[in-house]
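S.K.: Using the sequences and the hints given, assemble the complete structure.
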Amino acid sequence: MSPVLKNPLGAKWTAGRHGKAEGGPGVLASHTAGLTIVEVAALPGQAQAMRAALKAAFGMDLGAGSPAEGAENAVCTGPGQYLLTGHDVATVKAAVGDLALAVDQSSGRVRLTISGPAIAALLAKTCPLDLATWPVGAAHASHFLHIACTYFRRGDAEFDLYVGRSFAQSVGKWLLDASAEFGLEIA
Amino acid sequence: MLIFCPHCGMRPSEEFTPKGLAEAPRPALGGDDRPEDDAWQDYLHTRTNKAGQTNEYFHHSLGCRRWIVVHRNTLTHEVTGSTMASEFWQNQQQAQDWEAGQ
Amino acid sequence: MSARLPQPNRLDHGGIINRDRPVTFTFDRRVYQGFEGDSLASALLANGVKLFGRSFKYHRPRGILGAGPEEPNALVEVDRGPADRDPNHRATMLEIYEGLETFSQNHIGPLNMDLMEVNDLFSRFLPAGFYYKTFFFGGLQAWYRLYEPIIRRAAGLGRPPLAADPHHYDKIYTHADTLVVGGGIAGLTTALSLAKAGQSVVVCEERDRMGGSALWQGETFNGETGAAYIAHMCREIEAAGGRLLPRTTVFGVYDAGTFGAVERCHDHLTKADRAPHTARMKYHRIQAKAVVYATGAIERSVGFNGNDRPGVMLASAGHTFLGKYGVRVGERVSLFTTHDGGYGTAAAFSAAGAEVTVLDARTDAADVSIDGVRVIKGVYAGQAHGRMGVRRVDYDGASSGSLDADALLVAGGWNPAVHLTSHTTDRRQSKPVYDAELLAFVPPELVDQEAAAGSVTGAMSTADCLATAQAAGKKLGGKKIELPTVDQALPVSKPMEMWAVPGAGDAAFLDMQNDATVKDVKLAAQEGFKSVEHMKRYTTLGMATDQGKTANVTGLALLAAATGRDIAQVGTTTFRPPYTPIPIGVLAGHHRQRDYAPFRYSPVHAWAEDNGATFMEAGLWMRPAYYTAPGDKDWLDSAVRETRATRGSLGITDVSTLGKIDIQGPDAAEFLNRLYTNGWKTLPVGKARYGLMLREDGLVFDDGTTSRLGENHYYMTTTTAHAAAVMTHMEFMHQSAWPDLAVAFASVTDQWGALALAGPNARACLAKLFPEVDVSNDGLPFMGVIETQWQGYTARLFRISFSGELAYEVAVPADIFDAFWQAALQAGAEWKITPYGLEALNIMRIEKGHVTGAELDGRVSMDDVGLGKMVSSKKDFVGRAMSEREAFSDPDRAKMVGLVAAKPGDKIIGGGIVFDSAEGPFDYTTMLGYVTSVAQYSPLKDRAIALAFIKNAADWHGKTLYVVSHVHGKSIMEVRAESPHFYDPNNEKVMA
Amino acid sequence: MSDRYGFWRLLREGLRGHTGWGPAWRDPEPKAEYDVIIIGGGGHGLATAYYLAKVHGITNVAVLEKGYLGGGNVGRNTTIVRSNYLHTGNELFYEKSLQLWEGLSGDLDYNVMFSPRSIINCFHTDGQRDAEARRGNQMILHGADAVLLDKEGVRREAPLIDVDNPRFPIYGGLMQKRAGTARHDAVAWGFARGADKRGVDLIQNCEVTGIDVEDGRVTGVQTSRGPIKAKKIGMAVAGNTSRVGALAGLRLPIESHVLQAFVSEGIKPMLHNVITFGAGHFYISQSDKGGLVFGASLDGYNTYAQRGNLPLIEHVMEAGVSFVPAMSKVRLLRSWGGVMDMSPDGSPIIDKTPIEGLYLNAGWCYGGFKATPGSGWCFSHLIADKPTHHIAQMRLDRFKTGRVIDELGAGAQHNLH
Ligand SMILES: Cc1cc2nc3c(=O)[nH]c(=O)nc-3n(C[C@H](O)[C@H](O)[C@H](O)COP(=O)(O)OP(=O)(O)OC[C@H]3O[C@@H](n4cnc5c(N)ncnc54)[C@H](O)[C@@H]3O)c2cc1C
Ligand SMILES: NC(=O)c1ccc[n+]([C@@H]2O[C@H](COP(=O)([O-])OP(=O)(O)OC[C@H]3O[C@@H](n4cnc5c(N)ncnc54)[C@H](O)[C@@H]3O)[C@@H](O)[C@H]2O)c1
Ligand SMILES: Cc1cc2nc3c(=O)[nH]c(=O)nc-3n(C[C@H](O)[C@H](O)[C@H](O)COP(=O)(O)O)c2cc1C
Ligand SMILES: [Zn+2]
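Note that the protein sequences, when read in sequence, are chains A, B, C and D.
For what it's worth, this note's numbering labels the leading residue of the first sequence as 1, then goes sequentially.
For what it's worth, this note's numbering labels the leading residue of the second sequence as 1, then goes sequentially.
For what it's worth, this note's numbering labels the leading residue of the third sequence as 1, then goes sequentially.
For what it's worth, this note's numbering labels the leading residue of the fourth sequence as 1, then goes sequentially.
Rather than coming from a laboratory, the hints here were simulated on the basis of the structure.
Incorrect hints may appear among the rest.
What the hints assert, rightly or not - Among chain B residues calculated to face chain D with C-beta under 8 Å, some are:
{"hint": "1", "residue": "M10"}
{"hint": "2", "residue": "E14"}
{"hint": "3", "residue": "A24"}
{"hint": "4", "residue": "T46"}
{"hint": "5", "residue": "T48"}
{"hint": "6", "residue": "H77"}
{"hint": "7", "residue": "T80"}
Every value quoted in this text rests on a predicted model; they were computed, and no experiment measured them.
For each residue, glycine too, the CB sits at the ideal point set by N, CA and C.
M.R.: If you want it as structure tokens, here you go:
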């Protein structure tokens, strides 16, 4: 028997329609439960070697390490620092060896995916960055209404948000508040 | 205000936490400097506190969490450069250039 | 639709209001009607209302001066109930809607019979700064109890709201290549030029629609009316990708291309018309690479007696009411002008059927003949009569006489709206510059990414304004665009220099709201307040809600004259944000009250909520303080019950909020050695150690345990309160001082849920949870660490104790922590496992003499808290140097001690002061120290105990002391001092 | 006719058109030499000159001000006056200052509108309550007054505060009843007029551009209006301390930071006390004119510009609306900044410098308005070679000895205080 994973987003985060009820939803949101997230951080001077190791082990091409060069499963949060999804910590540690720190953050970070026609209007309320200068595939560590948040742009109107688990309820509530005028559909 | 982070690029200042002027490096570990000597006092307390070009520590706390040293004009708030703190004291030339107000 | 009410001053044509849509509203409970598109001012003027309010100081009757944001007089309250009361609305900016209820402000009795008008009778005794010269007879108490309350009641304008604001507000991050401030013809022209060049452009216009002066001046553009031409431009700009934001005031200019703007979304709509879930206002934080200031110009009046009478208004205002709203503010109009511009307005009024007399101050003015307009040259308005509305105007100068008039329009010249161009003056090294030709301040030289366009530059004719707009576009990389041909152009000329007319004095007002007069400026100069900033502060000129938009320049010009200086020498006062007042709430946006800051929740928060926990805030976290069980009388009862259960059998508590940092790398031990005071190199894998961190200044920063999980792998815990600060400190030290250390670390606070099992049955319970792990005293000795699995997930077992009991902390991933917590409760049921909160923990840690934030308050040294022995002499570490300063070994330093109440039932007061006598004297020279933490009841001692810091602490062990708290009614409590380690001082329990 | 102010004089002048008011201060040309030069015509400089003349009879004094009198921080602060400090090093001094405030209008013959409308520092946890109780107790032991309010007490005193704040509920507050506000400009002008009347030369638009030092002692200054000699020079230049100190070759433990302040449109009385919100480091009071005057913490970066940026402004409004929800609809009228001389422990320095004859008055952080009379009093004593015990701990060398006076316990980081 495997234990029940606890929803970190709190009781208000329920599937279905929230806020404005008329018309199609402006924002769609979903939370990936049980996602495996590993944080890696290169030791000083080892960032390039670490990226090479990750490429060798998992085929991830992280380029020279700029935030724009990540991938959906390797989101850059800082120099030589990534959130990797889909691999467990032991596998990652084995891959990076002494080049980098690797810690499990599967419980520590919550990933929300948001999309929809009102996504730009929504992000304009919560994120200080300019979407016009933000290519698809780029990650930015910034804030969501003052809560530390790493964003990854999956598509034109689709973003992953990584936030600390203990903050997730506030993020959830504030996302509900901010998207009420557009209509929010939670999957 | 915008601050340039060498990793993240131009970012709004609310993502950063300022710490103060970066005028003197930390005295070496295990050195013989006494706490009342200039080395320690300059690191912790004493400041030239120039009006004009200064170097200042900022933490990109709501971003990549790097400490950076930002070259700023304290009369106009203009940011003219920034570097990772991890490189700043290593690169004495840059530190000196900035100190000289270039 | 309701019946149509008459609007006596409304023309049957002209303006851009919608005559098909009457709108009914009230002012001071009287019902009026205006049209869609009206401001409250235009609608009331249409109804013949002249009296709008009372001035601040003298309570003089006041009407409308301007037609826009510069309005100083007509401030009204919009009332939607006490919570939704909105004072100090400018009637000129308030758009009417069906059912709007408005009230005049700041009077006792009806507006037209304000009792406070007595102030006007005494005005001669209340000149600028009078309050500095009196009201201190009788000393402090007379001022505070007698004079000041009267002044405070009289001061202020509208009534304050009295409850939380029911509206919500949004903050929007808006980005653009170029921000254009001002949607007049100049701003729009530049915007079009830039948008056509492919730039992303945002145009912010403070008023209800784009167009500015073009909407009322009556000029035509390529044969189209102003309104039509503007509409046409707006479509083109939007087609080129530009954004137009009407009702949006750019209130401030900040560093690096950041601008603040407020968009008003609801105030012009009835409740039913407001889209659900939308914000009343939006605060746009605009980030733009370039900016165009196209803010126009604001007309000024002239100082003459009675220039504040209702019915005296700026010529541009009268013209706006006529041209934009189809309202004729008078039938017999006197128009006092200092330049040609006045004739345009005169012509418009005459065309609208008014009888107009122009009083032209210039003797040498060119002859202009306008049908039905009489011109008297070389004269000025000397006095306006009519308390509740102008009736007569005396003129003087080359000739003198008296005119019957129901409106007096004043064209005193224009002040370019340079406000925003000087918010960041230091970037340009210059304030606005005085142009002695134009008799106006114009923007200073702008930096590369800035341009100015239109009448803000000092350009006067529309053609010149368009040319400056074209040039601004060019400066910022715009495309050249076809400029329109302007017909029926208004006459323009430089004004004659006349700031105040001869004989202007007590009743010649400059700052109408604050009642600062021509005389006041002279008095300020006479009393030595010669700096323009002194004059402003002494007379309060320019300090009212309009910030002197119509008054400042005139004031400083008069100061220049009174002190024999040039206007340029006198200069302006400092322009400051906001450009016009904005609700405080809109800048707070979403972050208010409950949403002021995020909550951080432990993974078992919901469980605790369901099980009687009362929470206590700890930084952003909410932590259970105690759990109320049936029969508990109060919090102390609960805490004591929890303590007893733990000490007697088994307690469980949530420690998920502790900071946790994972540290990896070959230099990890060296890094810890530098961070902590004690040594780390010898710590074996599978062991934890308590560590103490200092700040660089040598005082205690934080404490916690760090475990060695692998050769190069450590797991650090910090206090809840300092978790973020410790992480930041480690990052700082690593990156700024020792970047070469081969170590990396990450916060894993949120990754792990953690609980502590404490009490004699803790081991048995742990064994049940982890049947396959050897948790015996040998298998998991004190300070031992085991990494294992629970239900397939990593679990870390730590044999550490904060409570002083045999105790373990177990960490598992937060996702399954709730399940693990439930399992622990089940496993512990046979020992009556009892959840305990911070209050019980507090009792236990005080009994044990463990310190927390109350002791580690940032002012204590290691020695002060008895941890001096934790210093390794073999190495250097953060804070070592500074802790060798002389004050650290001062024998007078207060050190930690335990206190025990003399009698059961006695309270010890946290924050109480420790003395060696119950009789006093109690003062700072006799105090020994102070109490930091109190357990109001210690089951161990059957009475209150406490931790305190006192001088010569060790000498007092076993002796009687007194805790005195003056702020608790001077309570004096006898206590006995002893070692702070009350409970199990030899650690037998934790090692058992 | 005496030139004293008062009701009857106002009446008389009113009747004759106010022609009889003379200048509040002269506009003298600088002399070649003075006994004492005070650099800085802010509150502290003017008060120092006033007490030098009044208490010590030293009247051959010039105050050199680079701009206009009172145009620095004394003219741009939130006017909170209190003596609610924890440490003896501060409390003795601030209590002395508060006592001077209580008689100041009469003493200066100028209504500085000191209004003891009380201050309440709200707290949010039991731990904070104990810390506030300790502070209150220590205040009383130093001769000040303090009252510990519970939640209901705060509600009674200030009904518009959201004591039930759902995020940071208020447990109570530490109240000092004798604390309050004063009219900032009047303080500067009152001291200026008082000093001028006693013979002090107040010289405006006179920037000190050099300090002459010979053999380790000062001999005079260079200014934008020429050189002026003096054997004693007192520096009271607040945010400009490092720059002026540098003229004498001093490097000082000061950083310059901006603090912003805000005033709302005038409204009828809504707040009586000065109140502070612990969770947001926010403070507010209502002026006699009806404006809400409020502020919070520093922007945090070093600057010499008297203006700040939006993130801090947003923070102030968030805290304000959370603390006093009704202020949401009140409109912000004006915002501005002042340059603070931040010391590493948040407490001031009034001391001699290593250069003989050069005296230092600095490190006021954002608390020096309340200090104005006390600072002038103590600094004048120091300059007159009669140092008082109130400033015994406000030493320049305390960062070397470790005898810091850290009210917040924040440690050696200038912008944290
Ligand atoms: C926004 C804000 C809010 C504050 N709130 C409070 C509060 O509520 N309570 C409180 O107690 N304190 C408060 N303070 C702090 C207080 O205002 C200052 O600590 C205090 O006014 C500083 O002393 P001062 O009056 O002498 O300084 P200032 O008034 O700044 O005087 C220094 C003078 O020196 C002059 N000067 C500088 N360099 C030279 C030179 N080279 N030559 C000649 N002259 C020179 C300057 O022009 C200036 O006039 C606040 C400060 C600010 C900015
Ligand atoms: N000096 C003169 O003689 C004079 C004076 C006034 C108007 N005019 C005429 O006005 C026209 C000039 O057009 P223009 O575009 O320069 O001025 P304008 O007055 O037509 O437009 C300026 C616009 O900027 C807006 N604005 C000002 N500050 C703002 C802010 N902070 N945020 C948002 N909006 C703001 C105003 O509401 C106004 O609508 C010409 O036709 C000219 O003849 C001339
Ligand atoms: C306590 C206090 C109250 C103030 N009230 C007002 C006010 O009612 N109206 C106003 O325009 N400015 C007011 N100000 C701000 C001043 O106009 C001015 O902005 C401030 O003193 C800083 O000066 P500066 O803006 O010239 O740099 C006030 C300032 C203080 C310190
Ligand atoms: Zn960064």
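S.K.: Could you run down the list of hints and mark each one as holding or not?
M.R.: Going through the hints against the structure:
no. : hint : verdict
1   : M10  : violated, 15 Å
2   : E14  : holds, 4 Å
3   : A24  : violated, 11 Å
4   : T46  : holds, 5 Å
5   : T48  : holds, 6 Å
6   : H77  : holds, 6 Å
7   : T80  : violated, 14 Å
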